[in-house]
Amino acid sequence: MTAAATVITTPDGRYLIVRGRLWRAANPHLSERARAALVGDLMDACREVKAARGNDDAQRLASARHAVQMAKVALGERGPVWWTDGSQDVNRHLVRNTPYAGLVCCDRLLARGSRRATLSCWLKNGKARSIRALPVVCTLGATDQLRSQLLGCGQVVAGSMALTAAGAVMPISLAP
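Mapping to this note's numbering: the sequence shown position 163 is 163, numbers consecutive.
It is possible that some hints are incorrect.
As the list claims (entries may be wrong) - Here are the simulated lysine to aspartate or glutamate pairs, EDC-like style, with alpha carbons at most 20 Å apart:
1) Lys72 <-> Asp44
2) Lys72 <-> Glu32
3) Lys72 <-> Asp56
4) Lys72 <-> Asp41
5) Lys72 <-> Asp89
Worth flagging that the hints you see were computed from the coordinates, not collected in a lab.
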């Protein structure tokens, strides 16, 4: 993911949405100190994976991958879910194939020149749709324009959209 990419979190905070796919978020109940230490361990393990690949060392690679797995489990990104309401884990599933399919997940704002942009969305019916937003630099105007165009494929019932030069930062929920 590039630095300019927008990451959207599901309303319940359990998943990040990247290119239409859900990725489990870290456990928000971890202390900041514990989370920082675990992220440091994860980054060390990822660097070790890269080094092992570069040296073509299978045993070192297996050990490094195991360290990545352990760090991700400790963060709550893998392994048992960190929430307690019994909801199923839909990690790595496409948004459209999950209970989150009702969200319009606008996670990419692709620049098309300096005055126009195309917002790529996954709609409730699972089909992708591109929507024109004008102009991106005028945040309020772009939001109003986008809202009016979204009304053509459903009624905006909750949420809002904040557009910046970097992209869309919140989902909009649509009713059929």
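**Request:** Hints the structure violates: just list their numbers, smallest first.
**Result:** 3
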